[in-house]
Structure formats: C-alpha cells, structure tokens
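A.B. asks: Sequence order for the protein chains is Y and R. Each residue of the first sequence is one higher than the one before, counting from 1 in full-length UniProt numbering. Each residue of the second sequence is one higher than the one before, counting from 1 in full-length UniProt numbering.
Simulated from the structure, these hints should not be mistaken for laboratory data. Among the hints, a few may not be true.
[Unchecked claim] Derived, one-sided and incomplete: chain R residues facing chain Y with beta-carbon distance under 10 Å:
id, residue
1, 17
2, 103
3, 127
[Unchecked claim] Below are the BS3-like pairs computed for lysine-lysine, each with C-alpha atoms no more than 30 Å apart in a straight line:
id, chain 1, residue 1, chain 2, residue 2
4, Y, 169, Y, 34
5, R, 285, Y, 169
6, R, 285, Y, 135
Predicted model only: the values in this text are computed from it and were never measured. Glycine is no exception: its CB is placed at the ideal position from the N, C-alpha and C atoms.
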Amino acid sequence: AMEGVPDARIREGDCAVLKRDDVFKAVPVLRRRKIIFEKQWFYLDNAIGHIYGTTFEVTNGGNLQPKQEMEETTTETKEAGMDNRNIVDDGKSQKLTHDDIKALKDKGIKGQEIVQQLIENSTTFRDKTEFAQDKYIKKKKKKYEAVITIVKPSTRILSTMYYAREPGKISHLRYDTLAQMLTLGNIHAGSKVIVMETCAGLLLGAVMERMGGYGSIIQMYPGEGPVRAATSCFGFPKLFFDHLHEFPLSRVHSLLSGTFSTETLPSDPEDNILMEEESNGLTYEKQTSLQETEEEPTTQATIEINQTEKQETIDINIDDVEFKENKEKENKENVQEKQTKQWERRRKLIEAAALLREKNADG
Amino acid sequence: MSFVEYGDTIKDGDTAIVFLGHDSMFPVKVQHGTVTQTKYGVIRHSTDLIGKKYGSKVTCSKGGWVFILHPTPELWTMNLPHRTQILYSTDISIITMMLELKPGSIVCESGTGSGSLSHALIRTVAPTGHLYTVEFHQQRAEKAREEFREHGVEHLVTVTNQDVCKNGFGVSNIADAVFLDIPSPWEAIGHAKSALKAEGGRICSFSPCIEQVQRTCLAMEEYGFTEINTLEILLRVYNVRTISLQIPDLGKAAEDNSSPGFDSSNPSNQGSPCANLQQGTVQFKSGVPLREMVGHTGYLTFATKS
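For reference, chain Y alone in the conformation it holds in the complex (with noise of 0.2 Å):
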C-alpha cells in the first residue's frame, strides 16, 4: 500500500470539509486564507502536505499544528463515588478562578492540561460516581480541548453536513434517504442516469460519485441553468465532467413532440450584444463586416507608412489606426470568443438531446 497516494493527501486548490465534534465546514484550501471555523479563526497553509483525517489543534498564531497521540489516564482505577446524596452543587467546588483559568489558557497551555488543572482544583470529583466523571471530562474537554479534523469530502459528509447547515438549499432531503435512493434506484458506474434536482447540486454529486466516471449523466434543471454548488465540493478530477450532460426542463416538450430545434438556444444573460440579434445569421454578418473594416485601415497603414510624409502626421495616423486596428481586434475576438460560446452550448445541447432521444439505460 503507497502512503504517496495523490487522493490521501491534502493538497491546495481541493476543497476540504473541517470537523469539530459534530459540525462540518466546507472550505477551499487556500494558503494564506483566513477561516472562522466555530468561533477560531486560523490558516491552512500548515494542513497541506498531511493525510485527510488528520486531527489538528489551533495555535495561538492561528496555525495548525497535527495534534499528538496522548495516553490517556486510563489503566490506574479510578477513585469514584457511588451516588451524590452528599454533593452540594454550591458552584464552590473548582477552586481555579476564572482569571487563573484565562492565565493558563494565554501561557499557551494546551487543552488536555487545562482539564486535567480542572479535575484536580475539583473538590467534589473523586465523590461523583463514574459516570458523572465521564459526563464532566466530555463537557470540559468540548470547551477547552479545540480539536479540527480535516476531512476528504465524500456523499456520507456532505449530505450530513448539507443537513444540519442549510437544510432548505436540499429541500430538507436527509441524508438516509439519499442513500435510500441510490441503491434502490440501481445508481452504478455504466448507467446513463438522468438527474433532475433542486438539492444545489447535492444529488447530483451523489450519483457522479457512485457512478466513477463511468456511464453518462444527463442533468435536466428548471430556470436559466443547472445549479451544481455542492457539486463542486465533492472534488471530482475533470474528466468526470466529460460524461455529464445538462438540458433545459423548457425544452422537454419540444423534444418529445418531435419539434426541438437548435436555431433558438436558452437565453443567457450575459450574451447582451449577440441576444439582440433575432437569429445567429445577423452575427454572422456582423463579424464579416467588421473583418472588412479592419482590412482597410491596414492598408491605408502600409500606404501611409511608405509614402516619406511629415513624420509626426505619419506617427499620429499609424497610432489612430493601430489603436483602432487593437480596439476592432478586441472587439473581434469577444464576438469569436462569444460566438465559439454559443456553438459550444449549442454543441452540448444537441449531445444531451440526442442521448436523451436514444432512451436506453446503458451509457
């Protein structure tokens, strides 16, 4: 077994989920990114490098150190009580003040000491019975002992996380029956799966992961396009991407109806310029044109180069026309950049139909 596994490791640019007790976060790991976690703020920049499910402790700088493996007090039998019907919950019991306290926790003394400093400036702990010892190491340990895991991001600790965070941006779907709807509904590398989903993407990272890359997914989504925010926390390398397909809910009826055509494509709001324009016929024209006019001012350059002009003049043309040359170049790369954009979703579009249209479960 190789420790080097690429997958174990932490690495910058992954999303990371970090684990205190029950709660998790999702984060990027960034280096010198600041990041509140319940209520500690600290850098990354140390976790990367460690394996995923590495424990750390925050230090007082706001770094991560990997904690140790500390032996716990646990072969020498303890000295309990048997019940507390002489116990007087006074709040006199902890001889330490809350000053002392504060003094040890700025010395830097680690977590596990304070406690220990707790049960031992502790009047009535050797008199609790067993049980409520236990009871008074957990509560003191959540407070002073600030442990983060750090967590490779999976189905099982995003949707427990997605849960208990934001509920409402995975319409309150739990995290069992998630489960229960990727095994009952067969979800497995090789299938073609179509996903329709209001789950931020959640769902739909769920049957990526079981299908590994293998198989085809096409995501049909409402609205203008398909959500996929939680998608990216799962981390999936790019080819996974390959196999994934969306299309729009607004044109399911023109597909089954036999009417779907590739002319009107779902409006985007960033394409200003190009949506103005009824079909993509008038684009076209308007790139040619602007080719035509581009032509000119070269010419005239190399004329007015040649011809033994004043040399200010000839500078001051060359410069208006280079100027415009760059500024019509610019503009002519936006409209190719854009076009390539529109026949690329349109590319992908007639891809998802026709795999829709195929209705076989085999990817």
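With chain Y held as given, fit chain R onto it using these hints.
C.D. replies: Same frame as chain Y, but now just chain R:
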C-alpha cells in the same frame, strides 16, 4: 446480463426475475429446454425467454402473463434463496453510503452468508474495485462462489473459507472499507484494522443486540478507531391519499349572513386544500404512513481508521 451491467436480451445461462406482481416474483436460471411453472401456466425458456428483450411481457400457457426483469442486487435480495438471515436493501443503502463505497473501492466482508450484501457491494465497486469476502462455513462459501460465477461477477470478488476472528481477511493494508456481520465482531476488530489501508478507511459492524454493540465499540476505541457512531435505520412506507376533513360549524357571527372565511373564488384547486362548502369539508392530498413499521434488524456501528 450481469449484475453490474445491463444487457438487452435474455440469453442462455442468464439469471432473470419473473415478475407477477409487486409482492410476487422469483428468480429463474434461463436454460434451453427448461420449463418454469407459474400460476398463470408454463413458460418455455427456449421459445418464451431466450432472445426476448428484458422487460418484455411473456404470456404463459394458461393465458396470463408475467414480466421478465433484468436482475439487480435489489431484486436479488428480495428473491434469493436464504441460507442465513440476510441484510435487506434499507440497511444495505446506509451501509454503502456510510462506508463511502464507489467504483474502485476495495471492500472486505465477513460473513458472506447468503450473499445479499455481497451482490450489492460488487455492483457498487465495479468495474475497478474488488470484494474480499470471508465465510467460515464451507458449503456456504462454495455456494457463494458458484452464484458469483453464474451472475457474471466472479472477477470482482474473492471468497475465502476461514474464520475471520482467527485468521483475518487474508489481505492487509489494501481495504477502503471493512464490514462485519458476525456473532462476536469485537474479536475481529484487530484483523479489520490491519486489512484497512494505512492512510485510513471505514469500518462497519452489524449486530442485533446492544450488548454486542457495546463490546464492539469498546474494542474499536481500544484499537484507535475514531468517529465511532451507532445507528439504526427503519423504512417507513407511505401511501398517498386524499384526505377529507370536516370544518367545524362555529355558528353564525352576527345577524346578517356572513360567508365562511374561505376564498371560494379561487380558480386553481390543484393540490391545494379546497373547501367544499356544501358538505363543510376541506380536501387535500397527504402521505399516510402504512400500517406498522417493519421490525428491528440490527444496529449499525460505523467508525474511521485514520
């Protein structure tokens, strides 16, 4: 046909599912010349099955018909011959997700039993993963091997006949996940840990009794497993029904006729509660839980090796 890939047509040697109704189906081994009896009559494999498309309707000799379905692990779980108590799809689903299984995963399982979970695991880790399954009963181990072969998945699974508590899984430091369904799982925790990859992995233990769970959790802690968590999953089935509720008659507010406080001029009554003023009722669609819930199967304890 294979349990990990859909095939189009029924072939000789396939395992297919004969479907008569939601609670009535059975598996059949397709063979030239063989005949299968159903309550609707006889199905002749050579003429009625081989060469037909999966999902077809097949008419039996007495005139009634059945569907022939492509096998899936879930259908297999519902119809396989029990040699031991099996795990059902509800538990299998949560196990699959909590162990983070996916194509390429390496899984270790013990005991194999009747192969219900095994088939589901194989389907999930295909085509690049592998299942190492250990069964201490010699005949069951052999029967499992035979079934995997018949179902076209033998390249994805290795069956070992030994006692996992004494001799482990037969592999070390390669598994992403380990699953235990044995009487004394605490005795196998050490072996499970060594089967798991050095950089970490997940473990699950299934036990009907909480006393077993307690001992297993203790062992997991002793061996340094973290995130130890026990849960139980129960499936609740709902029916969709239209409910009629009576509007209580609270009498008249004043002397003049006051109309009920419902907007009866609402044109769209799709799905939203609509008041039937004649009868004084409100109707709406609701999910109604079905009878009682199924019983306890076992507790699932998950943990992480890091």
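A.B. asks: Does the closest beta carbon of chain Y sit nearer than 10 Å to the beta carbon of residue 17 of chain R?
C.D. replies: With Cβ-Cβ at 13 Å, over 10 Å, it is violated.
A.B. asks: Hinted pair, alpha-carbon criterion (30 Å max): residue 285 of chain R, residue 135 of chain Y. Please report holds or violated.
C.D. replies: Violated - the C-alpha atoms of residue 135 of chain Y and residue 285 of chain R are around 47 Å apart, more than 30 Å.
A.B. asks: Was the hint right that residue 127 of chain R lines chain Y, CB cutoff 10 Å?
C.D. replies: Constraint on residue 127 of chain R satisfied, holds at 6 Å.
A.B. asks: For the hint on residue 103 of chain R, just tell me whether its beta-carbon gets within less than 10 Å of chain Y.
C.D. replies: 3 Å, holds
A.B. asks: Does residue 34 of chain Y sit within 30 Å of residue 169 of chain Y, going by the straight-line distance between their CA atoms?
C.D. replies: It holds: about 25 Å lies between the C-alpha atoms, which stays within 30 Å.
A.B. asks: With a cut-off of 30 Å on the C-alpha distance, tell me whether residue 285 of chain R and residue 169 of chain Y pass.
C.D. replies: With a Cα-Cα distance of about 24 Å, the restraint between residue 285 of chain R and residue 169 of chain Y holds, given a limit of 30 Å.
In this structure, the earlier hints numbered 1, 6 are contradicted, and the remaining ones agree with it.
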